[in-house]
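Participant: Protein chains in written order, with the UniProt record's numbering: chain A, 1 to 716; chain B, 1 to 716.
Don't take each hint at face value.
Each pair may be met inside one copy or between any two copies, as identical chains are not told apart.
[To be verified] Mimicking DSSO-like on lysine-lysine, the simulated pairs with C-alpha atoms at most 27 angstroms apart in a straight line are:
| id | residue 1 | residue 2 |
| --- | --- | --- |
| 1 | K518 | K159 |
| 2 | K335 | K281 |
| 3 | K181 | K159 |
| 4 | K21 | K109 |
| 5 | K181 | K518 |
| 6 | K187 | K518 |
| 7 | K187 | K159 |
| 8 | K593 | K335 |
| 9 | K88 | K187 |
| 10 | K81 | K187 |
| 11 | K487 | K187 |
| 12 | K432 | K181 |
| 13 | K487 | K408 |
| 14 | K488 | K518 |
| 15 | K347 | K281 |
| 16 | K373 | K335 |
| 17 | K109 | K88 |
| 18 | K281 | K488 |
| 19 | K281 | K313 |
Simulated from the structure, these hints should not be mistaken for lab results.
Nothing here was measured: the structure is a model prediction, and the numbers come from that model.
Number of protein chains: 2
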Amino acid sequence: MGAEYAASGYDKEAVRDVLDKALAEGRDSLTAPEGRRVCEAYGIPTPGEGLASTADDAVRLAAELGGEVVLKIVSPDILHKTEAGGVKVGVSGDAEVSAAFDEIVANAKAYKSDAAIDGVQVQQLLRGGQEVIIGSTTDPTFGKVVLFGLGGVLVEVLKDVTFRLAPVDAGTARGMIDDIKAAEVLKGARGAEPADAGALADIIKRLSDLVTDFPRIREFDLNPVFARPDGASAADVRILLDAEEPAQPVQYSQEEILATMNRLMRPSAVAVIGASSENGKIGNSVMKNLINGGYAGEIYPINPKADEILGKKAYKSIGDVPGDVDVAVFAVPAKFVPQALREVGEKNVPAAVLIPSGFAETGNHELQDEIVKIGRELGVRLLGPNIYGYYYTPQNLCATFCTPYDVKGGVALTSQSGGIGMAILGFARTTKTGVSAIVGLGNKSDLDEDDLLTYFEQDDDTNVVAMHLEDLKDGRAFVDAAQRITKKKPVVVLKAGRTAMGARAAGSHTGALAGDDKVYDDILRQSGVVRAYSLNDMLEFARGIPVLPTPKGENVVIITGAGGSGVLLSDAIVDNGMSLMEIPPDLDEAFRKFIPPFGAAGNPIDITGGEPPSTYEATIRLGLEDDRIHALVLGYWHTIVTPPMVFAELTARVVAEAREKGIEKPVVASLAGDTEVEEASTYLYDHGIVAYPYTTEKPVAVLGAKYRWARSAGHI
Amino acid sequence: MGAEYAASGYDKEAVRDVLDKALAEGRDSLTAPEGRRVCEAYGIPTPGEGLASTADDAVRLAAELGGEVVLKIVSPDILHKTEAGGVKVGVSGDAEVSAAFDEIVANAKAYKSDAAIDGVQVQQLLRGGQEVIIGSTTDPTFGKVVLFGLGGVLVEVLKDVTFRLAPVDAGTARGMIDDIKAAEVLKGARGAEPADAGALADIIKRLSDLVTDFPRIREFDLNPVFARPDGASAADVRILLDAEEPAQPVQYSQEEILATMNRLMRPSAVAVIGASSENGKIGNSVMKNLINGGYAGEIYPINPKADEILGKKAYKSIGDVPGDVDVAVFAVPAKFVPQALREVGEKNVPAAVLIPSGFAETGNHELQDEIVKIGRELGVRLLGPNIYGYYYTPQNLCATFCTPYDVKGGVALTSQSGGIGMAILGFARTTKTGVSAIVGLGNKSDLDEDDLLTYFEQDDDTNVVAMHLEDLKDGRAFVDAAQRITKKKPVVVLKAGRTAMGARAAGSHTGALAGDDKVYDDILRQSGVVRAYSLNDMLEFARGIPVLPTPKGENVVIITGAGGSGVLLSDAIVDNGMSLMEIPPDLDEAFRKFIPPFGAAGNPIDITGGEPPSTYEATIRLGLEDDRIHALVLGYWHTIVTPPMVFAELTARVVAEAREKGIEKPVVASLAGDTEVEEASTYLYDHGIVAYPYTTEKPVAVLGAKYRWARSAGHI
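Let the sequences and hints guide you as you build the complete structure.
Facilitator: In structure tokens, the structure reads:
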């Protein structure tokens, strides 16, 4: 069934003609024959069909097509054809076809007496195969996205669909088919023949190219597409249009972004607009933090009423500062920002850090629009407003009103919310997380996540990025930047507002299915980031990922003193998308030599609870030294024979010895015991083993996050 | 379609005849006509049908039934009818029916030349409606369970099914239909008429009664059942039998259990078998813990080689002890346990606490069987073996080799694994969780979770129970005990081994679908327990549930200083099965009076970050005092204006004032800020507000656990 199409070039002209005509007529949807013409122009297979003007036409067409046919009214004035009695399914034989034609036309006239009737579409009836849906919609964050899912009422209820940013390449399109939960159905469950996945992927690719070439196609449903063992064809097409071209967000080149970001993060001179000598003022806290934090560049307090602030010469206006200024930190009330920003622009300062609140977040959109306009005009990029400021430890830079942070390391953290920023600060401090940057993004009036990712990508002082975000201003710019950086460095994202998005008004199934967190989830994964689903996970992933070496393969082995921990650790490994290595017989034999006869080799390797330190040591060493094992998960059980700190020290030593020999494998540990296990966990963490007391799930979740990144970056 | 049956009494005799015949013939499955007879006897509707011996018979039957029919070979020797070419679907008209009969018989003979052929079943063809599956299997843990799910290949892949313990009452059967993810499909998605849920529930109930009455029915599939708007009928029946009656586990009455448990938990005298003066010996640690823990009853050390141990007179054998003994704690090697246990039995000690390992867990099943037999014979109930012992703080009883625990409170914790037991101890100690009991269950050779639940149910010193378990010896006894206690007290269960169960060999779809964690999950919920999915959740739920008052309704309100926390807290509320209250206009108005004009009322109530303590205080007080609000979730943002301890103290004070007025509502808090929020969280927890730093999800998860219990116990 289904006409065959050459996979050759697309007929853009034909599509343009159809769209132009519809738009010229003021329509925002295409008729079925128009939809079919669009499909044909891009080689999307549809069933054989024709337009009949008379009952005799219909009879002739049906005979040509052969078998059963479907008859549908074609009228620009009738959108809901079934409701209008304008559809007949499974008609065959001359008499039936002729009668169906007459009935449909009569029904349409009865439904809407003044409807313009173009004729009746006579279409091959597709039966058999599996119904799927392929579609596209225009997401407010990401623009054109394509969807794939199983069709029918069940999947509409279960919402088993997957999204990707358009355009997709052939491999991505093929991956979508395996990405739905019910993928097995298409592979031929219960003895059925498998569907032609190549043909489905081809349709996804063509649809994706089509909506990319024609941004005015707002929503596009191919539903159902019949997926057969020998091909696929779209039985129904629904296309909705936008009256206007969607607006394009302002874009900067990578070079432009880096030029600004380098000056923002590694400034030679910082001005504080609204610097103050008065304790408790934000302009005072910022000055103190800059000075006490150890920033080595020039600090210029700006205050019209002071000559000196905290020992630094003060200036009435930034215009009076003698040298170049890289960053202007604003600590003045919102209403004074526009004028001060103008002066900052006139001084050619490339970056303004806008701590003040009182802009869009309080409903004052006009004021925010005003400063954005000033920034654009004068070439000043804005961080904020409504932020706590930012830290950049390689420069000892604490441009914030919070307290200084001084544990240097490779973790860059950003947050859209100030509250979450403070949680980041407290968590990092209490866990001694080594940090390169903590950046508040607030209202994101200008600089946002993609600018930061572009900077962190080439920043040698940063090796992992963790971001809290509630929305993305420009989803495509984010995905571009994320796809680049995640090839080199892990990015963890906590996307808040997962469950609160609610449904959007949509005119297609695809549009309706896009109305929840699923689009974000799929496209964040497509961008290579590791998504955290809770604040604590984001923080622990950021802390733990840089501590763990990158695994070189999927073989995870559990070595445990507590059988009970082994079972829970196994659960966690499966929950986190990893799998337990099947231990080959020679390796099993080798482990057995070290453990009591009633201990269990296999995986988990249960060394049993009463064992001395030497048993932990021998099995962990074997786990590290055998090439076939790629990651170790340790379960420690507190006993008098092997107390917590003894376990911690021996483990740290064995891991260090292996690392000296060039053996780099991630090792995580869960410690079950009395309160001494807390100190032991901290000791282990300090020695490169991600360890936690009283939880089997957290160490495995961190390992899982590292694995997710390692896979998406192609290390495994 | 489908014959109608009276809902009257069941014809047990007819079922017994069918089963007896099949079993007498050595068969473990029923033929289709036998399956149909069984269904008829219990009023389960099936399509009209009959057995044809000749082609003419078949033609006559088809004419009687009307419409299309299905023909199926009936042969005890052919199990896979389709494979044998023994099924024809959608046959109509005399000629077709006659030809189909001949073809089927010929196919069957070709497939298996010596097959006994009883004839050909001629059955009404059911079309339309939604296919569902209703079934039953014999679970190794829970015995007879019934299943409901949507039928067809999709759901087989997605495994969208739900299980309940049989027998089910009418309400439970009805609840199953709403409990699957795709429940909407049956309610009439996409404009379809809703299926007759009453008819489906009726079939579930009848099937459940049937397998309860006839335990030899091992597996039972009604698949598919066609669910129509006006009824339902089972199109295909598959019944598998057990050659033998399933064995019944040993059962004790509640009175018997309590008699033993009361003496175990509140003993007047404890003997320590293998007590020792030698440091480092388990028999020495147990003695020290009993004495230093402050146990006020008699302590009898038993050791053939000592006269006195730690200042207590020692006895050669327990038989020499002058008075009654309630508990014998064993601290001797495994091989000495049987003889010592015999002496304990002869002394009429009702409970033995078996710390030693070296039994089933090391493969020594014989030794374990031996002690179980001795215990049964002599009336000694066994705790363990292979355990750390147990704590019962109301008696200052530390009958364990671990260190004493002395923070008294209402939480009883149990663990199957010693390692997890140690994690419980360390966690409880570091968080100062108030504990009534910590009990090791180990190999569960005798006493197990249901015995403990029976005790804790009536123990005034216990108000919440948390259990770690890997399996249940007797799932039904557990469910019975859990259903009783959870009406009064929350029970949290961490079931380990969720993901490792793998598939079981099964001869029916129902059996195959039962081969994972789903049975445990559904039946634990049916039993009223709150399931925790991680060790840390179990521990935090146990700690937090007794701190929170029981909510009186579903209206949860978030009051937050950080908008970012508000979004994450909202996510967590939905994730944990709660919902944000829709704030009525008058209440919204009342909140707005306290917050800045740009703050957001609604829910979350965002008081904004720069507010003084008085704003937190006024809004929290209003949240407590308004009757329509049932629970508060607080989001705190660390600022100079309202530092962490100021927030903690004012919140504790306002909550205490409300409680003095008799206003008991659960209040939880998430604190975002620098490290001072840790101290503030501890302060809040100590004052009855479940509070955590650096996480928005944990406080909401604990509130969610309390809600799950409150709902299942009927408080909401």
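Participant: Give a verdict on every hint.
Facilitator: Right, here's what the structure says about each hint:
no.: 1; hint: K518 - K159; in the structure: both (9 angstroms within a copy, 21 angstroms between copies)
no.: 2; hint: K335 - K281; in the structure: within (17 angstroms within a copy, 75 angstroms between copies)
no.: 3; hint: K181 - K159; in the structure: both (10 angstroms within a copy, 10 angstroms between copies)
no.: 4; hint: K21 - K109; in the structure: within (25 angstroms within a copy, 66 angstroms between copies)
no.: 5; hint: K181 - K518; in the structure: both (13 angstroms within a copy, 17 angstroms between copies)
no.: 6; hint: K187 - K518; in the structure: both (23 angstroms within a copy, 25 angstroms between copies)
no.: 7; hint: K187 - K159; in the structure: both (19 angstroms within a copy, 16 angstroms between copies)
no.: 8; hint: K593 - K335; in the structure: between (75 angstroms within a copy, 25 angstroms between copies)
no.: 9; hint: K88 - K187; in the structure: between (32 angstroms within a copy, 26 angstroms between copies)
no.: 10; hint: K81 - K187; in the structure: between (34 angstroms within a copy, 24 angstroms between copies)
no.: 11; hint: K487 - K187; in the structure: neither (31 angstroms within a copy, 47 angstroms between copies)
no.: 12; hint: K432 - K181; in the structure: neither (40 angstroms within a copy, 44 angstroms between copies)
no.: 13; hint: K487 - K408; in the structure: within (24 angstroms within a copy, 53 angstroms between copies)
no.: 14; hint: K488 - K518; in the structure: within (26 angstroms within a copy, 40 angstroms between copies)
no.: 15; hint: K347 - K281; in the structure: within (25 angstroms within a copy, 79 angstroms between copies)
no.: 16; hint: K373 - K335; in the structure: within (15 angstroms within a copy, 85 angstroms between copies)
no.: 17; hint: K109 - K88; in the structure: within (16 angstroms within a copy, 44 angstroms between copies)
no.: 18; hint: K281 - K488; in the structure: neither (41 angstroms within a copy, 55 angstroms between copies)
no.: 19; hint: K281 - K313; in the structure: within (18 angstroms within a copy, 73 angstroms between copies)
Going down the numbered hints, you'll see the structure goes against 11, 12, 18, while the others check out.
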